[in-house]
Amino acid sequence: MDAILRTENLCVEYRTRSLKVDIKPALKDLNLSVRAGEIFGFLGPNGAGKTTTINVLLGFIPPASGAAYLFGIDVRQPIARQRIGYLPEMTYYYKFLTAEELLRFYARIFGLPSSEADKRIDRLLKLVELEPARKRLIKTYSKGMQQRVGIAQALINNPDLLVLDEPTSGLDPLGRMKVREIIQRLKNDGKTVFFSSHELGEVETVCDRVAIIHQGELKTLGRVDELVAQHGVNLEKVFLDIIGYQLQPAL
Amino acid sequence: MNTIWALAGVVIKELYRRKDFYVLFVLTAVITFVAGSVQFFHDPNIVRYVEDLCMLLIWISALLITIATAARQIPAERESRTIFPLLAKPVTRGQVILGKFFGCWLASGIALAVFYLFFAVITGSREHYWPVADYFQAFLLQWIMLGIVTAMTLLGSILFAAPSSTVTILFIVVAGILFLGRHLNTVALHNDEPLRSIFYTIYFIIPHLELFDVRERVVNDWGLVNWLDCGLAALYAAAYTGLFLLLTWLGFRRKSLT
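So the sequences go chain by chain: A and B. With my numbering applied, the first sequence covers 1 to 251. With my numbering applied, the second sequence covers 1001 to 1258.
In isolation and in its complexed conformation, chain A is listed as follows:
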């Protein structure tokens, strides 16, 4: 099966202000491959390099060496992002716009004709259950509603690949369930989803394969069911084992 998302020996370095260390590696020779139609979980503790990887994939930061490709196109080319949807961890949208205006703005960026944009906006606002609030300014929305606007904007171009950066972070259980349902529905529609998360139970429920990174290095990559069977424990324990966390005996 073709890889929709691929990284080859990807390295990213950050300059630090420390006197002793000038350059800090954030990613070390990362090799990933995500296939069409799968839900791929990207896991790691805070500071492991998950968001850095997503930042490279979206062209926000250049790699120090190696390469990353979306649909076989180098991520440094803007056209590589034509068929993807991105949902950031926090809600970063123009709060002086309504949900409808925001979606129309992004639809224009993708060059959608007005009639097609109208249809998609109606469909997406229904999908994320924001139809009644479509004419309200985003600044009046709750966090859960803002996250759902985010999902709608990520889907406006009917993308083949969705990149979700901790999509349920900060949401209440109901909000999380709704986001999870939407991800499941996208999988049923044949979309590829690449998402980073700390919610290991959620990852275990929805993902086909996972990659675990720690300190910028890929520690493991495989099918969720195989990893769980191999270690004989749930994904949370697998994760803790792989990153080398030792459970303290109860005092």
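Derived by calculation from the structure, the hints in this document are not laboratory data. A portion of the hints provided could be inaccurate.
Computed list of lysine-lysine pairs in DSS-like fashion (alpha-carbon distance at most 30 Å, straight line) [claimed, not checked]:
hint, chain 1, residue 1, chain 2, residue 2
1, B, K1019, A, K139
2, A, K135, A, K95
3, A, K24, B, K1255
4, A, K237, A, K219
5, A, K237, A, K187
6, A, K126, A, K178
7, A, K178, A, K119
8, A, K95, A, K178
9, A, K178, A, K143
10, A, K119, B, K1013
11, A, K95, A, K139
12, B, K1019, A, K95
13, B, K1019, A, K135
14, A, K95, B, K1255
15, B, K1013, A, K139
16, B, K1013, A, K95
17, B, K1255, B, K1013
18, A, K191, A, K143
19, B, K1019, A, K143
20, A, K95, A, K191
21, B, K1255, A, K139
22, A, K28, A, K219
23, A, K28, B, K1255
24, A, K126, B, K1013
25, B, K1013, A, K143
26, B, K1013, A, K135
27, A, K126, A, K191
Residues of chain A clear of chain B, computed beta-carbon distances all greater than 12 Å [unchecked claim]:
hint, residue
28, D2
29, A3
30, G244
From the three backbone atoms N, C-alpha and C, an ideal C-beta is built for every residue, glycine too.
Put chain B on the given structure of chain A with help from the hints.
Just chain B, lined up with the frame of chain A:
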């Protein structure tokens, strides 16, 4: 171009949903209305003086709106992190700069048109004289000048840390050019080296914004500037605007978003 116009549309929406434009407009409108309505001793010269004052007010308000709007565009995108979902679409940083530029320039043009319309109605209703072509030319030249100011401010917003510093510095620079720009060659002539060369260099480098100021002609009814000269002034402005936008793009291209 779709992307650029979409971005410009967001800038315009932001301007009319913020309160600062309305505050400035109401302030300018009240002063223009009061000043334009009174006739001191029925002396036409005093009326002209008041008109001059009103036009100065329009200039200051338009500059404030333009600089304040342009200065916050890119820093606000970075601070509120709206730049991330935007650049995750097939949008280049160059398109972001152009979209912001056209948005700010169009927004300042709309605000300026409202100011001029109001000024024309007030003075016209008092004097029963409607020099529409003069007002249109004054508006057009001022708007072209605001294009240079918008591009300069976008460059400033890349160079300086906070939008407030950009606004302050740009307002001082623009005011300095408008008041002193035309006299710099004379100042250079009255100085010894190396000051002479320094003043001459500044004189030849800066965009001469004062070339676009035809307030005196409008107020004293001296007639229109030759349209060919206006065209040349527009080319002059386009060259400076292009240069500032290029420098902005070069700065923004390498700027870290994280």
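Hints numbered earlier in the text: which of these fail when held up against the supplied structure? Result: no hint breaks.
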